[in-house]
Amino acid sequence: MSKSLGFEKLREILLKQDWEEREALAQKLNELDGQLNTRDQLEERVNPIIEDQEQKMQENFPALFGPQITETIKTQIKDSQDEVVEALYPIIGRMIKKYITNEIQKLSEKVDQQMELAFSWEGWKIRIKAWISGTPQKELMMSKLLDPKMEEIFIIEKDSGMLMGSFSKNQTIDQDMIAGMLTAIKAFVEDAFKGGEQELDGIDYDNYKIIVKSFKSFYIAVVTSGGMSAEFKDRLDTTMIDFADKVLKKARKGEKEELDQKRLSGQLEEYFNDFENVDQ
Amino acid sequence: MSISKKVILVGHFGVGKTSLIRQFVHQKFSEEYLTTIGVKIDKKEMTMDGIEVTLIIWDIAGETDQNKVPKSYQLGAHGVLYVFDVTRPSTYNNLHEQLNHLNRLLPSAPIEVLANKVDLVTEEECNSLLDQIDYPELIKTSAKTGNNVEHAFMSLTRRMI
Numbered sequence: 001m002s003k004s005l006g007f008e009k010l011r012e013i014l015l016k017q018d019w020e021e022r023e024a025l026a027q028k029l030n031e032l033d034g035q036l037n038t039r040d041q042l043e044e045r046v047n048p049i050i051e052d053q054e055q056k057m058q059e060n061f062p063a064l065f066g067p068q069i070t071e072t073i074k075t076q077i078k079d080s081q082d083e084v085v086e087a088l089y090p091i092i093g094r095m096i097k098k099y100i101t102n103e104i105q106k107l108s109e110k111v112d113q114q115m116e117l118a119f120s121w122e123g124w125k126i127r128i129k130a131w132i133s134g135t136p137q138k139e140l141m142m143s144k145l146l147d148p149k150m151e152e153i154f155i156i157e158k159d160s161g162m163l164m165g166s167f168s169k170n171q172t173i174d175q176d177m178i179a180g181m182l183t184a185i186k187a188f189v190e191d192a193f194k195g196g197e198q199e200l201d202g203i204d205y206d207n208y209k210i211i212v213k214s215f216k217s218f219y220i221a222v223v224t225s226g227g228m229s230a231e232f233k234d235r236l237d238t239t240m241i242d243f244a245d246k247v248l249k250k251a252r253k254g255e256k257e258e259l260d261q262k263r264l265s266g267q268l269e270e271y272f273n274d275f276e277n278v279d280q
Numbered sequence: 001m002s003i004s005k006k007v008i009l010v011g012h013f014g015v016g017k018t019s020l021i022r023q024f025v026h027q028k029f030s031e032e033y034l035t036t037i038g039v040k041i042d043k044k045e046m047t048m049d050g051i052e053v054t055l056i057i058w059d060i061a062g063e064t065d066q067n068k069v070p071k072s073y074q075l076g077a078h079g080v081l082y083v084f085d086v087t088r089p090s091t092y093n094n095l096h097e098q099l100n101h102l103n104r105l106l107p108s109a110p111i112e113v114l115a116n117k118v119d120l121v122t123e124e125e126c127n128s129l130l131d132q133i134d135y136p137e138l139i140k141t142s143a144k145t146g147n148n149v150e151h152a153f154m155s156l157t158r159r160m161i
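In the order they appear, the protein sequences are chains R and A.
Here my numbering is used: position 175 in the first sequence is 175, and no number is missing along the way.
Here my numbering is used: position 138 in the second sequence is 138, and no number is missing along the way.
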């Protein structure tokens with residue numbers, strides 16, 4: 001055996017393991033390189049992680065970014081106060097005005113009632129009658145008043161004036177025609193007296209009053225009879241908003257058949273048939 | 001199945017819009033002229049191809065220019081009847097312009113154009129006049145004799161359903 005051959009053999013014995021390890025390492029490196037530089041393979045490995053992060057982010061979004069977003073919005077609003085006021089003023093202004101007018105009317109009615117009750121000859125008569133008959137004074141007072149009643153209710157599409165649904169306690173004239181004419185009258189008033197974005201909210205005729213409540217794409221018109229009180233109007237208002245919110249908005253979001261005239265009319269009946277009898 | 005459609009009748013004043021509706025809905029005609037103020041609404045129920053159709057007909061006061069008609073009367077209309085008077089050129093001289101305006105305002109609503117009062121002119125006069133107007137598919141009507149009135153409304157209804 002020559003010297004160099006012996007050396008070669010020794011080298012092989014000593015370094016064989018290193019070579020094998022290096023080989024395995026190179027292979028591993030190649031694989032990693034492939035995974036990093038081939039989009040498909042990289043996506044396969046990385047996507048689950050990203051999705052996981054996304055899910056976590058969605059779940060914790062309010063906690064993670066809520067304060068910053070609120071802060072940004074606050075700053076934005078603060079910096080552009082004029083624009084915000086300009087956009088909201090007409091809407092809020094009208095709402096506040098309406099609310100205050102309504103509340104003052106309610107207060108004034110209550111004061112009137114108290115005054116009348118305390119000082120009128122009628123009040124004394126009722127007191128005496130109540131004392132003699134033993135009937136509570138409150139009941140006698142109530143029977144004297146002509147209770148306001150809801151006669152008919154219509155839901156009407158704003159632009160076209162087409163009847164979407166109606167409910168009437170005593171069938172009167174053609175309801176499609178009423179819906180059309182009401183829309184025409186409403187359009188006429190709103191066009192003729194250009195009061196900006198104002199809308200007609202009622203029509204009075206003798207013992208009847210039509211209350212109109214406008215929503216975005218439709219409006220509700222309620223025909224009432226009897227002495228209209230702010231209290232009654234308030235309750236009617238709330239019921240109309242509630243109806244629009246629960247029935248109409250749901251119907252708009254859902255299937256078209258929810259807006260079917262018969263179906264809506266049925267729901268109106270459910271909502272408003274017992275309107276006067278429900279406790280205030 | 002039943003559906004409701006809003007139809008508007010527009011055109012210059014005195015062309016016979018109200019008379020056409022009277023003839024179509026009530027089969028009546030009167031020589032007396034009463035100008036429409038604002039708008040008048042009528043209703044006609046009919047059955048077409050097994051569908052019950054309710055037409056809510058808006059008789060809108062005549063205007064020389066459709067721009068002057070309150071938009072709120074026209075909005076939401078499913079079909080339009082544009083009426084002119086064959087005896088008065090001023091009622092059809094601006095026809096194309098008026099139709100363009102209506103098309104812009106109500107892009108999806110079909111429009112039928114009615115040449116009304118044909119009973120007042122001879123057939124030749126009428127034809128030469130309609131040649132001048134150059135509008136395809138005009139419907140020659142007479143609210144007085146009832147000629148083509150039903151056909152006009154039916155034709156519009158068919159296009160709406």
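Be a bit skeptical, because a hint or two may be false.
Not the full set, but computed from the structure, chain R residues with beta-carbon under 8 Å of chain A [to be verified]: (1) N47; (2) E86; (3) E157; (4) G161; (5) D176; (6) M177; (7) G180; (8) A187; (9) F193.
It should be emphasised that the hints constitute simulated quantities derived from the structure, not laboratory data.
Backbone N, C-alpha and C define an ideal beta-carbon position, used for all residues, glycine too.
Which numbered conditions among the earlier hints are violated in the structure presented, ordered from lowest to highest? The structure conflicts with hints 1, 2 and 9, although it agrees with all the remaining ones.
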